[in-house]
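**Q** Chain residues, written in single-letter form:
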Amino acid sequence: MTPFVAPSLPSFSEVSAVLCLLLIFLVPFAGAGLALINSGLGRSRSAAHAMMGALCVAAVSALVYVVIGFAWQGVAARPDHALTIAGKSWGWIATEPFFLRGLRLDLSPSALIILLQMFSVALAGMIPLSSGSDRWRLGAICASTALLAGCTYPLFAHWAWGGGWLAQLGLNSGLGRGFVDGGGSGTIQVVGGVTALAITWILGPRRGKFSAEGMPAALPGHNVVLVLLGCVFAGIGWIGLNSAGAMLFLSVEPGRVVLIAIDTTLCAASSGLAAAVVTRVRFGRPDASLTANGWIAGLVASSAAAAFLKPAAAVIVGGVAGILVVLVADFLEFQLAIDDPGGAVSVHAVCGVWGVLGVALLGDAGVSVAGQWLAQLVGIATLLGFIFPLTYGLNWLLDRVYRQRVRREGELQGMDLFELGAGAYPEFDIHGDDLLQR
Amino acid sequence: MTPFVAPSLPSFSEVSAVLCLLLIFLVPFAGAGLALINSGLGRSRSAAHAMMGALCVAAVSALVYVVIGFAWQGVAARPDHALTIAGKSWGWIATEPFFLRGLRLDLSPSALIILLQMFSVALAGMIPLSSGSDRWRLGAICASTALLAGCTYPLFAHWAWGGGWLAQLGLNSGLGRGFVDGGGSGTIQVVGGVTALAITWILGPRRGKFSAEGMPAALPGHNVVLVLLGCVFAGIGWIGLNSAGAMLFLSVEPGRVVLIAIDTTLCAASSGLAAAVVTRVRFGRPDASLTANGWIAGLVASSAAAAFLKPAAAVIVGGVAGILVVLVADFLEFQLAIDDPGGAVSVHAVCGVWGVLGVALLGDAGVSVAGQWLAQLVGIATLLGFIFPLTYGLNWLLDRVYRQRVRREGELQGMDLFELGAGAYPEFDIHGDDLLQR
Amino acid sequence: MTPFVAPSLPSFSEVSAVLCLLLIFLVPFAGAGLALINSGLGRSRSAAHAMMGALCVAAVSALVYVVIGFAWQGVAARPDHALTIAGKSWGWIATEPFFLRGLRLDLSPSALIILLQMFSVALAGMIPLSSGSDRWRLGAICASTALLAGCTYPLFAHWAWGGGWLAQLGLNSGLGRGFVDGGGSGTIQVVGGVTALAITWILGPRRGKFSAEGMPAALPGHNVVLVLLGCVFAGIGWIGLNSAGAMLFLSVEPGRVVLIAIDTTLCAASSGLAAAVVTRVRFGRPDASLTANGWIAGLVASSAAAAFLKPAAAVIVGGVAGILVVLVADFLEFQLAIDDPGGAVSVHAVCGVWGVLGVALLGDAGVSVAGQWLAQLVGIATLLGFIFPLTYGLNWLLDRVYRQRVRREGELQGMDLFELGAGAYPEFDIHGDDLLQR
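Residue numbers (my numbering), protein chains in the order written: chain A, 1 to 438; chain B, 1 to 438; chain C, 1 to 438.
Chain A extracted, bound-state conformation:
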């Protein structure tokens, strides 16, 4: 925990490696949680499509990441392509073999990183799904996920977690420990969140979302029980994610996992309650969907710093996230006319940025605070100033080649019937839109 450390891999005892491995196996529950939330917040006529999208994201991202993504992400303390600037070497892309050829897949930290990343790139890929609800074609979902898993994600992950230039800010420039992001508030959540923003802009709002005068209509989620169930699974998955990430990327000792689990839970709890209170105050009643979004926002914000927060600080990080997520969701919808059905931008991008800042603001990492602030800000600037344009550009190009938004009939008919040929609930009577409770 000394400052100005070189990026390195942890050296694990067998017990630590086994702990880390089993924590990684909790991560898919986070994916299950996000998939449920996406599907539940969308319309019933797109519910199967939403789950099918999640399964395709999981499948495509695992395949693409194994084939090329990891080759470009790599791990710390291994040779990479580096630029020499001001006499220092700055890594920008890894040079591992494609398709994991020749790599030892055992309990070594680098093999564990591959496994964790195979799951967490899927998590990042599920974030834009919820922004694209009810209008994003399945083929485009697969192609866009391939771009994320094969290019955007590994690039930033190399910089932050693979020993690249953001991680080197500590050693090279004396900025604290370099960019610190244990569980991926930036590397997973903001990367996914800015991709979600790009997707909402490229797709445009759902039909009927904004009136001719630009007033947004509420389109309630079709199954709030699934949404809230998803929160519980996400909480379990995030404990695994934050713990395994901190062990592998910050070399924290196994004992910290207890603190991480407590902090992660407290963050989610205070964020969910804060969102409930804020919606109660604003709308007269607590809003279940926004409370769920608050819960997830707390998890997102907890990721970067959970290993370094005192429990009381975790409550603060969560509380702020819960307030932020409601205010920003409103701002995006009313002021910027962005139609983000699942709130992915406010939950994952905005609260991810907040989580990254939390490391410097409230973290207890025992390093020069000013330097750490700067390292975190450089990371955020890179996410917003480089990764966002990159993912926007890639998805814009994809849209030229293969239109990402479904045709008009598809949207009127519902994604399930139009793209999959069958509804999610073929035996249930469903209201027409005019009867929707609003």
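Keep in mind that a hint or two might mislead.
Unchecked claim - Ranges of calculated distance between the beta carbons of each label pair, as one might list FRET restraints:
1. A:S8 with C:D364: 47 to 53 Å
2. C:R282 with B:D106: 53 to 59 Å
3. C:A218 with B:M215: 53 to 59 Å
4. C:D106 with B:G284: 57 to 63 Å
5. C:R280 with B:F331: 56 to 62 Å
To be verified - To spell it out: a stretch of chain C is covered by chain B in this simulated footprint if at least three of its residues, at any positions, have a beta carbon under 8 Å from a beta carbon of chain B; those stretches are:
6. 52-63
7. 109-118
8. 294-306
9. 331-345
Unchecked claim - Just a sample of chain B residues kept apart from chain A, beta carbon distances all over 12 Å, derived:
10. I93
11. R101
12. I316
13. V328
14. G393
Treat the hints as calculated values from the structure; they're not laboratory data.
For each residue, glycine too, the CB sits at the ideal point set by N, CA and C.
Knowing the structure of chain A, use the given hints to seat chains B and C on it.
**A** Leaving out everything else, chains B and C in the frame of chain A:
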């Protein structure tokens, strides 16, 4: 395993601590299971409210427990407030710091206890939820949960698990090993179950539950698939709960976890089947909801003694629980006119008591059986004679300050629309009550 | 890993045993996944029955396996009943005590095998459930599961995993390492899959499935969201299953678990995508139910060889499974007029056979390939030539004693109302069949 032991913390190797930590991470699945069962057994017009209640219980109990609950629960072999009676010192409340300040949150047994308890107090808090279905206000749920997590639960948990007077019955009075309750049949389930009883009494029955002549009407759960799915998750979570509890509070060696998992599964299996057979005999058809209740009752009954039961004894413990749960549910409804929609009193209070007795009756703990019987009975007497009045009194006082039952319109309209402003399934056509299959 | 090894138990360090134990606790999620898929692929009027069937399978199989199943399965390197043929001893049935009496239930490999098998026999039992959807009586489900857990399954499992004659093919006849099936592509999936085939034949097709001219009608699943959610849980459970199985039955070192997890995920991913592409090509649109079946087929195929496949080979195993599952499902329905609502025969039997072959075709086990081919083929021949007739015969006999198919009224009314007395969704409006989207 010698008799007349002083309450103590286990001394864990690193491997044991890691095992225990990972077992604790299974516990939230028990919460997910109970939440699904609550929501599925309730009405569709309160389904989102039921899940929202569960999420709020999880959030409030984690926060309150961390802030004050643990301070009063504490762990064994640490200084506490004690009364000296007959020359012996009897601990009644712990004196740990609020907000976990200054505590080491690592792989030590006391830190693992904090983590386990943060999850299991939420489990206890979910029990009354199912008794209050369709009429308990969200604000009251949060306040009542705070009383449970901040007062009732930690008090009894100090006595049973924190080295307090019930645990000291072995050393101080020669009563076997003192009160034994590995996974919380008493400390979690009965505490939650008597709170559920208090809540049903304070709230009163649902409108339409009892006719003018006092005959109860069947109000079937709105989604039996979720109810039965919840059973599977609960089973997984309970394995973690029973194992981690036995390791931390009974100092069993890690190898016992295999026995505990087998016993827990056998208990649930035989209890579920017993409930199916009993309802088949009584009503001509096996009842799915009561079979689910039987499954959970088996888990509840398994908790106290799973570490000390031979597999055949586990089958007996479960079978009895499955019969009890059906008979008692009927008795409460028809004889006492208690409206407990999810059956929380029969499942958690009654079968929890049965589980506590099972330690003395069938357990294999190698101690003076008569003394152990007495210790278990003293524990049960305390739960029914002290904890029940306490939780009733606290909730009665709360009801004076903040009415716990929703207003009449709320109940007619459904909790979702009235309290949350939106239904759980806004796109689905729902029957009026008159068309309900009964 | 030398060839021609005698069947033996692994010798675990404490860390390995703890890892294996915790992996086993993931297996019930596979059961939850299959239960969700079964229920979602069936009709809404049988949805509670499907879940109730799954819970009963879990309960009955755990009880029966503990009481008699394990006694006949046993573990390697312990005395069993053996036949001496050509001067070699060939084990055919184990001789362990009933009800686990006197066995040490701790972290020893044999105790871990008992625990794993208690869960995986339930998995095998859930496979026929999906073939019998909408017409298989609950009592018959329980009885048939008892036959599986008490006879068919333990018999083959003794041969393959308990040191019996299939495992001895390596040492006795020089056939590679003997029959190799790490996670149960044959021992769990094919055994379940051929039982499913027997059940479909004994029950006959659902009313309305085939027209007078023999043309099958599509009867879409009632809840595709649950089906796809089930895939995620199955994926998590299968990682546990494949890893624990390989550790216990193939003595692989703990480090292989990382490879197994990557291979399992890649298999599911490529199989799911392959099924989506094949249905897209054949029907113009990707089919969500068949994609889910493809995902599960990939998991099924991964089980036998996951510990020995390079990642690229895992992608091939999965891709072939995904193509097979669609083509075979069509063939069974159109050519053989088999009504298998959940596709259990193509998913579990056919892709299970493919997984068993994969060991010889693509596995990297470092043994004489010709001998290994022969060992795998002998295993498959035994499954199809002995276990299938055995399970058919047992279920045919059962059908004489206790008719397995529900009466005509039951099928018209729906299994939920007829057998359980209440529907799964009593408050929702459900279409009549004539309005079903097809």
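**Q** Now, for every hint given, state plainly whether the structure supports it.
**A** Against the structure, the hints:
1. A:S8 with C:D364: 47 to 53 Å: 31 Å, violated
2. C:R282 with B:D106: 53 to 59 Å: Distance hint for R282 (chain C), D106 (chain B) holds at roughly 57 Å.
3. C:A218 with B:M215: 53 to 59 Å: For A218 (chain C) and M215 (chain B) the Cβ distance comes to about 46 Å; the hint is violated.
4. C:D106 with B:G284: 57 to 63 Å: 45 Å, violated
5. C:R280 with B:F331: 56 to 62 Å: 58 Å, holds
6. 52-63: holds (count 9)
7. 109-118: holds (count 5)
8. 294-306: violated (count 0)
9. 331-345: violated (count 0)
10. I93: 21 Å, holds
11. R101: Nearest chain A Cβ is 8 Å from R101 (chain B), so the label is violated.
12. I316: Given a closest Cβ separation of 33 Å, the condition holds.
13. V328: 28 Å, holds
14. G393: With a cut-off of 12 Å, G393 (chain B) remains clear of chain A, as the shortest Cβ separation is near 26 Å.
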